[in-house]
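Could you build the full structure based on these sequences and the hints that come with them?
Sequence order for the protein chains is R and E.
Going by my numbering, the first residue of the first sequence is number 1, and it counts up by one from there.
Going by my numbering, the first residue of the second sequence is number 1001, and it counts up by one from there.
Rather than coming from a laboratory, the hints here were simulated on the basis of the structure.
Everything numeric in this text was worked out from a predicted model, so none of it was measured.
Built from N, CA and C at the ideal position, the CB exists for glycine as well.
Treat the hints loosely; a few may be bogus.
[To be verified] Just a few of them, taken from the derived set where beta-carbon distance is under 10 Å, the chain R residues facing chain E:
1. L95
2. K478
3. R489
[Stated by the list, open to error] DEER-style ranges, computed between Cβ atoms:
4. E:I1222 / R:L414: 53 to 63 Å
5. R:Q333 / E:T1106: 54 to 64 Å
6. E:T1106 / R:L37: 43 to 53 Å
7. E:A1195 / R:T92: 51 to 61 Å
8. R:Q484 / E:A1060: 48 to 58 Å
9. R:Q333 / E:P1063: 52 to 62 Å
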Amino acid sequence: MRSTAFAPVRIIYVGVSPLKVIVAVSLAIAALLLLALGPRADEDLPKDRVVIDYWEKWTGNEELGIRDAVDDFNRTVGAEKHIYVRYVSTSTINLKTLMATAAGVPPDVAGLWDNNLVQFASLDALEPLDDLATQHGIDESTYMPVYWKGCHWNGHLYSLISTPATIAMFYNTKIFHENADRLRAVGLDPDRAPRSIDELDAYAKVLDDIGPDGHISRAGYLPLEPGWYITDTFMWFGGSIWDQKTEKFTLTDPKVVNAFKWVQSYSRRLGKDAMNEFRGGVSGGATNWASPQNPFLTSSVVMIQQGPWMANHILNYNPAMDGLKSANEENLQEPLEQRRKRIQWAAAPFPSAVPGVNDACYAPFDTLVIPKGCKHIKEAFEFIAFINRQDVMEKLCNAHSKNSPLRKVSADFLEHHKNPYIDVFEKLAASPNAQSVPQIPIMPEVGDELNNAAQSIALLQAQPEDALREAQVRLQAKYDDFMQKRRARNQ
Amino acid sequence: MTKLERRNLFKGLAFLSPWLIGFAVFTLLPIILSFYFSLCDYSLLQTPVYRGAENYRTLATDPVFWQSMRVTAKFALLALPSGMILALILALLLNVKIRGQSIYRTIIFLPSLVPAVALAMIWLWLYNPKLGLINLGLRHLGVSSPPGWLSDPVWSLPALVLMSLWGVGNTVIIYLAGLQDVPADLYEAASLDGAGTLAKIWHVTIPSISPVIFFNLIIAIIGTVQQFTLPFIMTPSGQPARATYFYTMYLYDNAFSYLKMGQGSAMAWIQLLIILALTGIAFWTSKRWVYYQGK
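Printed below as a string of structure tokens:
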């Protein structure tokens, strides 16, 4: 019986040539040796240090900037306190952090988006940092108020900042000067940016280049280009979409409605189809933004709403706009006034629709959080605190061409920054009219609903009042449901 | 069962065990758990709390759910028949014995090998309203205002349907394989009866390859209902104004952006039931139009 059962095995071996057996056995031995003695993920890590895993979203130049900061930490404070930060660059950082946290193996530090901060905190997925921040002397006096407030939820500090931004207006000074006579003819100054929404509309109208057939060759301004902050337009109209006290959405607030009416006015003036064709052709929204085809860089759109990082993109993708032949020619030691004269663009606060309300802006930021379940909380915060040191923060923000979240900035930071208009962004960050992302636990849903409403409005599919009312009803129901479930869990 | 049979059974199972364990842990268990999660309030970050059919009730009254369902249904109604018919026509043409037949077959099949992201990038440029080759061609043909394609809520879904035809190569290959099995004597008999080319296709070819058509139909139903990658890359969040917000995109958003894994699981189960129902209908009707040789 036994010999019958093994008979097929014997038959197989009989037909195999010795050479094949030698090759197969050699490969098997090589595989086993590789498994036993091959490279290990942690073999290069210092044995005498606590290893901190830091997951971050950046790639390219921005990754180089943060890697530099990580290296500085490992060389200095890390070496002194026996901590080593292992940097991992990853896409969809929120998703990866979510999965790892759910699985109980989160990174020690994660660089979440600001609109995920309250969402994660409300699900009890982040460590509160209040005590650790106090121990390191980081408090309200360290940070610009808008960012300090943005890092809090429900009375607790849940993050500090890696790099922040403020959203301003970039405008093409060359096109302004080429059209100086036409601008002056309608009483506009070609040597400065518009200072009110009415003025912005007037500048845009003059700078539009529309053919007799209605096709747009150049747009003075387009709310949908790039359209990243279209859902935040209410901030420049003095409105708010959320009342924290009553926990109610206020999308039908007349100021919010007016903001979206203004967005729609561009579709009506330029024509929905012509605008679509133009945007579809030049749009930098999704694929062309970080490329020489960015419509601001091709002079297809004269004024845009953007963050301070745009200076980096201008330098890298169209150095001619900076008066240079290549990005390598950039000399940050050149006097600021001289640099500003050389470049063919400028930045200014995006105009406010409310008379007397100056320097209104949206202030987004990149967070540094410690997910729940992290094994080295104290050591993780050492790294976060290091990044928030003035010298480190300035170096990092300069590398990213962004403003600083800290109240104190050095003169050198302002004089020799990659963005020659960084003072504009710093001023906006310090403004009492600056707003960070609304602190709503269902913020990703709010963003999607508002985006959809904004698109329907811009495409003339819906009246602003109707689209916003519908979105408000849906969002309020979702928020109430979320909070009811949260209460049921006794959170 | 004899001792030998038992021993052989154990040996067979032992050899199968890597797949069996993998299937049980990575497929069967998640399927079972997803059904349980569909009955729970579950964010991934917290313990699931049983809530009965609440997720299903919420979805039934959610206009975005129905919007995503409509978008997917429209896409399926347009893409499924057009893809099936085009693939069949191409297969019939490629089956004609002409010089360079294998080259033509390769050309038709090649596009289906292009990775989804590369495909999306190619079509984003082709659909560029100002600089794209499609509108350039239309302008040469005298169309003064060609569509805005992906930026136009009216044209964005048809644009995705048109693009889906790019990948018919796989279906064409399966049809071609089926066409090789059509008995030549049937064509000879049809010729003797005076049938022309179209009559031969209608009365001989199509009935003979009906099992292949049926197979392609089932695969196409599953593929169109699960449409995700290309719209996810090309029209994020279903832009413009949710005109291309597919069912699976909303499922993904619910589960991974809004952290409503319970609702996402419920959507997955609804999708499974829809696919099962459509497949069931296809099987039920197949008795009337699918012919198996020898039966």
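Name the hints, by number, that the structure is in violation of. 8
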